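Novice: From first to last, the protein sequence lines are chains A and B. 373 is the number that my numbering gives to position 373 of the first sequence; each next residue is one higher, with no gaps. 25 is the number that my numbering gives to position 25 of the second sequence; each next residue is one higher, with no gaps.
Don't read these hints as lab results, they were simulated from the structure. Computed from a predicted model, the values in this text were never measured in an experiment. For every residue, glycine included, the Cβ atom is placed at its ideal position computed from N, Cα and C. Each statement offered as a hint is correct.
So these bits of chain B aren't anywhere near chain A, every CB distance computed over 12 Å:
{"#": "1", "residue": "Val75"}
{"#": "2", "residue": "Val113"}
{"#": "3", "residue": "Phe158"}
{"#": "4", "residue": "Tyr161"}
{"#": "5", "residue": "Gln164"}
{"#": "6", "residue": "Leu180"}
Keeping only pairs whose Cα atoms sit at most 25 Å apart, straight-line, the calculated DSS-like set for lysine-lysine is:
{"#": "7", "chain 1": "B", "residue 1": "Lys112", "chain 2": "A", "residue 2": "Lys86"}
{"#": "8", "chain 1": "A", "residue 1": "Lys200", "chain 2": "A", "residue 2": "Lys134"}
{"#": "9", "chain 1": "A", "residue 1": "Lys86", "chain 2": "A", "residue 2": "Lys97"}
{"#": "10", "chain 1": "B", "residue 1": "Lys116", "chain 2": "A", "residue 2": "Lys260"}
{"#": "11", "chain 1": "A", "residue 1": "Lys337", "chain 2": "A", "residue 2": "Lys99"}
{"#": "12", "chain 1": "A", "residue 1": "Lys97", "chain 2": "A", "residue 2": "Lys140"}
{"#": "13", "chain 1": "A", "residue 1": "Lys245", "chain 2": "A", "residue 2": "Lys260"}
{"#": "14", "chain 1": "A", "residue 1": "Lys53", "chain 2": "B", "residue 2": "Lys116"}
{"#": "15", "chain 1": "A", "residue 1": "Lys99", "chain 2": "A", "residue 2": "Lys329"}
{"#": "16", "chain 1": "A", "residue 1": "Lys260", "chain 2": "B", "residue 2": "Lys112"}
{"#": "17", "chain 1": "B", "residue 1": "Lys112", "chain 2": "A", "residue 2": "Lys53"}
{"#": "18", "chain 1": "A", "residue 1": "Lys86", "chain 2": "B", "residue 2": "Lys116"}
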Amino acid sequence: MSINCIKQIIQLLIVLTLVVSPFSTVDAASVYKIGGIFSSTGSSSFLGDPEKKTMEMMVDRINAAGGIDGHMVEAVIYDSEGDPAKAVSAVNKLIHKDKVIAIVGPSTTPTTLAVVNFVERARIPLISCAAGIKITSPVKPWVFKTAQSDRLAVAALYGHMGKRGVKTVGIITVSNSFGESGLEQLVSLAGDYGITIAAKESFGANDTDMTPQLTKLKGISPDAIICWGTNPGPAVVAKNLKQLKIDIPLYQSHGVASAKFIDLAGDAAENIVLPTGKILVIDQLSADDPQRSVLEEYETMYVSRYGGAMSGFGGYAHDAMTLIAEALKGSGGDRKKVRDALENIKDHVGVTGRFSFTPEDHNGLTPGAFVMVEIKNQTWNLLTD
Amino acid sequence: MADLLQYFFSGITQGSIYAVVAIGLSMLYRSTELINFAHGEFAMFGALGLVTLWGHLHLPLPLAFVLTVAGVACVGMVFERFALRPVKDPNPITLVIITVGASIVFRGVAMKVWGKDPVALPPFSNLESIEIAGAVIVPQSLYIVGAALVLAGTLHLFFRYTIQGKAMTACAVNKKAAWLTGIPYERMGLFAVLISAVSGAVAGIFIAPVTMNTYDMGTMLGLKGFCAAMIGGLGSLWGAFAGGILLGVLESLGAGLISSGAKDAIAFVLLLLILYLCPGGLFAQKSAERF
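Whole structure, please, built from the sequences with the hints as guidance.
Specialist: Following this line, the structure appears as structure tokens:
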């Protein structure tokens, strides 16, 4: 046999495997594949890690209950490392290689905004776990999100400040899209609540010293300082404020609403007030709160499987999965039907809040999704006034 | 006025971190002509080692200090013996790329061992912040400045007055000639990396309480430390110290007086300006043209 002949046989084999392989996956079509993109490593792993774990847990729970209309659910999860470029490559894999029905995630606003165009073009429903309001405003037909919009957090925060008689505030925000989106909302809502913004400062996501910015704020002496960021920056702000002996009340965003923040900030966390989902204060909620039972169930499930402390971030993935499971019922795996079903879900009680989607609102939450808490004795304390 | 002083103090706090890292980088360059991009990772190992030994196991601070430094020194020696020495054609660019690769490996190992979450440590002493004319400085930053000065001083004396120090310099100037005069250059190379690992560990230990300790903290430290060493003139120990403080103060003044958003940009533009005006750095050695 000549070498040429062997070459041809090999080429033929390659062609055959390429042609045949798509057919061999037909059997697996009875499985509903759902994609997940989470920043399970990297600086925003505190978001992505509980989300990934929650998604895996929810998939097992759905399958244990017999799947959806008899179809088993399979999760295909990629790690974005918090990097928009990696999120884009993950979304392309999910669309073209894994051919998923719907996607949960990504975990952060920058990564979500990076993939939005791809899912719109491929017509795949996506439920993001990120907070940025730009994700669902303006409304994109195929994009939903479960995390509370920054606008709701700002509304809850300003409402509380009004009761405490705060008139002027100094703002310090992280210079990434979480901070910028927060800043935008803080500025646009300030007028409605009669609050004057005296100064705007920013810090880098990995900075370890914010004393220059705080010194500047101290000189202006506002009634309160609002810090808008995700760990670890806000912990540094809290520490620096204490080191500089600045006696101005500090408010934080829901971006730090996890036990890790108290860990990092230590004593400096005392008396900080922030808006957060109800998950941090489950046992302090009133008994007739409809969310309470959902929250308790999620907590037992998560803690018994993974142990350790639970944060509200995993809840975004929990709600995304229950919403998708709801929408998948009777859809036969058709993406368009799933999307339409999602848009018509009303009064769905989740970990984050009550979701009522409309064609104009793809977040579906009301300010009631937020409560104000104060950190006292290294723990969260629900504020009811 | 108090504000200005505060910006200055903040700059020293931040700058001392850059300085203490830069000194180790500069020292290694001086003795082997090698720029070690894994130096920030030595500091990261120092900081995270302290987190484990002092923060979690609650060993006494001096013991934790010694154990951490010894541990990182071992890592440094293994690195030199198995990654740098076997290189057949040890021209600088190959070695520099090896150090970049090593930094990635070190980060990966640290992520596996210590996890991904940042950890905070309390300061060494429970003193109140010190107040001078309305501006505040944290005691820990004085420790860092002290550590940087002691480190630079010790290394300076070592290179100036000991036979080993001189032998190391000789190896950097001309390896073959040094070998001909009977200097065991391989052992000198090992020794140099060892000292660099120790200085990196010391840097990491001292800055651990003022920063957030994570597996990827070394990248920022290495980069800023490198800038500081460049400003001061690579190879000059005191230059590295001054360069670090200068970079920190510039950043802080930029953030305070101009815009906190453009803080890094301001510092880097000034860095470029300095390097444009005196390419060797502010404290470049007169004997730069040694060959």
